[in-house]
Amino acid sequence: MATSNARHDAARRQYEPYLKASWGMKNYWYPALFIHELAVGDTKGVTIAGVPILLRRTAAGVFALRDQCLHRGVTMSVRPKCFSEDTISCWYHGFTYDLASGALKTIIGAPNDPLVGNARLQTYPICELAGIIFVFVGDDNYAPLPDLADDLPVRLPDDYEFRSPHPMDENVVVLGIHRTGNSNWRLAVENGFDPGHQIMHRDAQVILSQNLAFPLGLNPTSPEAITVYGEDGAGPVGIMNEWHSGHYDLVMHNEELDLHPFGTGSVLGLRTSMYLPGVLMVENWPRRGLTQLEWYVPVDGNRHEYWEVILGVCNTEAELKKFKYEYEHLWLPIALHDFNDDDLFAREQMERFYSVDGGVGWDDEQLCGMDAVITGWRKLVSRHNRGIQTPQTHPSPRLR
Amino acid sequence: MATSNARHDAARRQYEPYLKASWGMKNYWYPALFIHELAVGDTKGVTIAGVPILLRRTAAGVFALRDQCLHRGVTMSVRPKCFSEDTISCWYHGFTYDLASGALKTIIGAPNDPLVGNARLQTYPICELAGIIFVFVGDDNYAPLPDLADDLPVRLPDDYEFRSPHPMDENVVVLGIHRTGNSNWRLAVENGFDPGHQIMHRDAQVILSQNLAFPLGLNPTSPEAITVYGEDGAGPVGIMNEWHSGHYDLVMHNEELDLHPFGTGSVLGLRTSMYLPGVLMVENWPRRGLTQLEWYVPVDGNRHEYWEVILGVCNTEAELKKFKYEYEHLWLPIALHDFNDDDLFAREQMERFYSVDGGVGWDDEQLCGMDAVITGWRKLVSRHNRGIQTPQTHPSPRLR
Amino acid sequence: MATSNARHDAARRQYEPYLKASWGMKNYWYPALFIHELAVGDTKGVTIAGVPILLRRTAAGVFALRDQCLHRGVTMSVRPKCFSEDTISCWYHGFTYDLASGALKTIIGAPNDPLVGNARLQTYPICELAGIIFVFVGDDNYAPLPDLADDLPVRLPDDYEFRSPHPMDENVVVLGIHRTGNSNWRLAVENGFDPGHQIMHRDAQVILSQNLAFPLGLNPTSPEAITVYGEDGAGPVGIMNEWHSGHYDLVMHNEELDLHPFGTGSVLGLRTSMYLPGVLMVENWPRRGLTQLEWYVPVDGNRHEYWEVILGVCNTEAELKKFKYEYEHLWLPIALHDFNDDDLFAREQMERFYSVDGGVGWDDEQLCGMDAVITGWRKLVSRHNRGIQTPQTHPSPRLR
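Chains as they are written, first to last, in my numbering: chain X, 437 to 836; chain V, 437 to 836; chain H, 437 to 836.
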């Protein structure tokens with residue numbers, strides 16, 4: 437027991453930075469909204485890693501700036517007021533900011549105030565890809581600005597036998613939803629690619645309907661069970677469960693309880709991997725030839741925005757129509773809901789044990805062999821993050 | 437005034453342990469569920485003194501174990517999964533525990549994990565009596581295990597003139613309810629046997645319907661007004677208001693306001709007493725020949741589970757039928773509700789003043805002569821408890 | 437930037453007491469209820485600056501005493517019990533207080549208890565004026581008791597050209613409402629007479645319907661833009677925006693955004709001023725010849741009671757009838773609601789930034805030239821208050 441504690445503590449010391457990352461990591465690309473959620477003329481507010489961000493689309497594109505007026509700190513997006521194409525004015529006192537630079541361009545009732553031209557709100561880089569608006573959240577003018585591709589899952593070689601769609605593929609179509617989960621983002625990540633929670637999904641409709649031989653559990657038998665990406669400093673940083681590599685023991689029988697998987701269908705090509713800042717890729721899921729991606733975007737210390745999208749490649753209108761139909765009538769209800777609702781439930785159940793407000797989970801959890809990839813993830817984040825976000829209580833940075 | 441504060445502080449020093457017992461006492465028998473609430477095959481979760489406890493009844497009886505998986509801390513009872521008669525499996529990762537010993541018997545997806553056979557959840561002794569499942573909550577393997585009888589009200593001699601039913605009597609029938617009260621358990625206890633709050637019940641249906649000469653107040657005139665049980669270390673520890681002993685002044689008139697009781701009927705034999713860990717006995721209530729018992733089971737620092745039961749002795753089927761009818765149509769609405777709803781209201785009103793989250797009541801209350809028995813109770817608990825429960829934030833004890 | 441911070445910090449040091457006044461100021465007259473809200477025989481409870489106060493009207497007038505029984509701290513007004521004309525009894529244990537003196541006159545069930553005659557609850561002076569019951573909240577027996585007139589707006593000379601009604605005028609009629617706002621009282625005050633938030637009210641019905649040339653903003657051009665009252669120690673202490681003095685620049689055009697007021701009607705005579713303990717006077721509003729007063733009565737650190745009343749002088753029954761009709765059908769919906777609902781919204785939006793529970797607004801706000809009167813108010817309160825209320829957690833003062 438002393439041994440067990442000592443080993444636990446030694447492991448813990450290797451991921452101290454991760455334990456401090458309650459509010460997420462900074463200087464990463466995060467999904468903010470689906471493109472279809474922000475039409476020209478729309479203004480919306482999101483919160484990412486505690487940072488309030490206003491997004492506005494004009495004819496010139498999407499702009500993002502801090503959603504907190506410099507003057508009295510109110511959230512501008514709750515009553516967006518735009519009196520010119522390239523500005524937004526705070527609804528309260530008329531502080532008016534340039535959308536592109538964040539500069540205080542005028543104060544409606546005090547055009548000659550010395551603050552005008554001498555203050556600005558932070559702005560955030562934007563990138564649109566695969567139906568999603570990504571925003572780069574972090575330090576002001578962080579340079580060099582990483583490529584969005586570095587914060588997405590790895591793009592596997594075209595000739596890989598079980599290759600499934602990637603967001604940068606030609607003709608990729610991305611369909612999905614996002615919703616708020618009441619748990620810390622790390623619990624969501626650790627749930628996402630956890631090889632040990634198969635039993636929870638035993639009765640899932642997506643498994644039963646395809647008669648899949650979903651293993652009872654997956655146990656790494658050598659370090660090669662896990663591939664780590666990005667240690668060399670290039671491309672995405674992440675960790676992959678090599679389920680079909682021969683280095684994972686796929687448990688098909690529990691003798692003690694005499695349990696087997698229900699189905700017999702192959703799950704070859706199905707594989708999970710996780711990338712910084714918290715992006716899950718599930719290859720060949722919810723069926724062979726599709727990919728499911730998930731993001732767990734930190735909102736604050738106790739909530740995350742849960743993104744669930746399915747990627748298909750549609751080379752013709754007919755394929756697109758079919759994929760949309762299949763998504764709406766099948767994958768949305770049985771994968772993104774029935775299956776993933778259970779995941780959301782599990783994370784929220786863990787929240788109290790691990791809560792940033794006094795939970796003891798990080799100290800008292802008892803991890804087992806199946807959790808090797810989770811410990812690996814914690815260490816990877818601790819070594820390679822671009823910055824740990826400090827808990828935010830609406831600081832208004834004084835920028836000039 | 438200085439004198440008054442000094443006297444208050446001196447009294448307070450005699451019950452310091454009680455002031456620390458926000459989360460209750462440990463190493464006691466507490467009611468968990470009515471027997472009829474847990475049929476064979478049922479699994480339910482309760483929280484007692486901050487400890488999450490899972491109860492499951494199989495053909496072999498009732499089992500209780502800590503309702504928090506060792507692995508990631510989730511509450512197992514929210515989705516009970518049992519794959520064999522003598523185990524329960526956590527719904528999340530399949531950690532499977534022996535119901536009787538709490539030992540980790542298998543992990544569904546990792547049967548060969550070194551944790552299997554080397555970890556266990558705490559289990560809790562169970563005792564069923566008088567329609568109630570009692571659970572012993574406290575230290576692991578606390579020994580010797582006290583008798584349930586020691587944590588119940590005293591059993592008065594058979595030849596006592598006003599003897600009313602006791603839970604260990606032959607043919608006793610117990611009917612009642614339990615519900616959650618939003619106050620600390622100590623406020624509930626102190627309300628329960630308080631001889632000073634008669635005025636609140638002045639208009640109660642149970643009193644008016646029986647035309648009882650319920651006194652306006654009860655004032656102890658000598659130390660003999662109160663009997664203390666268990667100081668010698670044997671049997672229940674408790675304190676009894678000897679209302680009809682001649683050592684209590686039963687106030688029947690307040691001159692200042694010209695107030696009298698409404699009724700004229702005798703309340704001889706009616707008496708209240710309180711036992712550790714917080715069990716009230718009201719003899720000959722709600723009518724001569726019945727007993728009302730109440731428990732105020734700590735849930736956390738701000739809530740208690742309020743148990744209200746009425747005991748009758750039924751030697752024949754006809755008596756049983758009559759008692760059940762009388763309970764359902766009379767005592768349930770007018771005693772357990774109309775009368776005790778007022779008590780629950782009073783405790784919840786006190787909660788803010790005494791709240792464990794910053795209330796000042798324990799310091800600023802101004803007790804008076806009628807409160808002697810309450811101060812006596814506080815001191816008794818402070819001298820004789822088997823342990824004060826520390827505030828719980830879901831610690832997961834590492835047991836082997 | 438260093439300069440800017442240094443200047444901000446120097447200003448801040450001049451209003452440190454104000455920054456500590458989260459729970460308001462003590463030893464002031466505050467409105468508690470409208471007279472019509474407390475008929476003979478009524479008992480109601482209010483909370484002012486954290487102090488629970490019970491108000492009761494008998495044939496002899498209105499009485500106010502601390503709404504917290506000395507014994508176990510419960511709020512008496514939740515179940516008022518009066519067994520004689522000049523007392524109130526606590527519903528729980530019958531502690532009975534003299535309404536006028538607060539003295540403990542009897543305990544219903546313990547008339548001979550030594551506490552009787554030797555304990556009392558604090559009472560609070562009452563003054564009824566202009567339809568409102570005012571209560572003096574502060575230290576016990578604070579002397580000399582200030583005149584209510586000192587805690588109202590200044591009464592302007594009868595011959596002042598734009599004079600509008602004052603609560604002490606003959607035949608004044610006061611109509612209005614009060615409701616709870618979820619923000620600190622200081623945010624409410626600062627919103628009330630803020631010359632910079634005109635843009636928020638640009639589309640208000642009360643402005644559009646009267647075609648008012650409401651300026652885009654008001655910028656002080658010399659210290660004479662602001663008149664300070666009460667620095668000499670006599671009469672109300674307050675600060676007035678002299679909008680039409682020639683020392684305020686009324687901005688009628690923002691060139692950057694090419695914005696103008698919509699209307700052309702004169703707002704001559706319209707002026708705002710604020711007095712301790714937080715009383716706003718808006719002269720000639722919502723139309724020439726009327727006055728709007730507002731109070732922002734601290735409830736606790738995060739809430740205020742928002743009082744909005746309109747004063748008219750009615751010398752005949754016909755004038756009274758007309759004023760009431762006009763109030764109900766016009767000023768209530770378009771001024772006290774449409775216009776002031778926006779103000780309430782603004783305060784609640786600021787709350788998070790300035791919250792007493794961890795907000796950073798007081799440090800991070802970036803005030804501008806239009807905010808001179810707000811900074812002036814903060815300093816005035818800091819120099820002239822009769823006492824800063826300490827955060828209240830229901831202390832029960834031991835009085836004799």
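Do not rely on the hints blindly, as some may be mistaken.
Put simply, identical chains are the same to the list, so a pair is met inside one copy or across any two.
In silico DMTMM-like links for lysine to aspartate or glutamate, alpha-carbon gap of 25 Å or less [what the hints assert, rightly or not]: (1) Lys456 with Asp595; (2) Lys815 with Asp522; (3) Lys480 with Glu691; (4) Lys480 with Asp639; (5) Lys760 with Glu784; (6) Lys758 with Asp586; (7) Lys456 with Asp793; (8) Lys456 with Glu692; (9) Lys517 with Asp778; (10) Lys757 with Asp778; (11) Lys456 with Glu784; (12) Lys760 with Glu473; (13) Lys517 with Asp779; (14) Lys480 with Asp778; (15) Lys757 with Asp445; (16) Lys757 with Glu452; (17) Lys456 with Asp694.
Simulated from the structure, these hints should not be mistaken for laboratory data.
Earlier hints that do not hold, by number: As far as the earlier hints go, 1, 2, 3, 5, 6, 8, 10, 15, 16 and 17 are violated by this structure, in ascending order.
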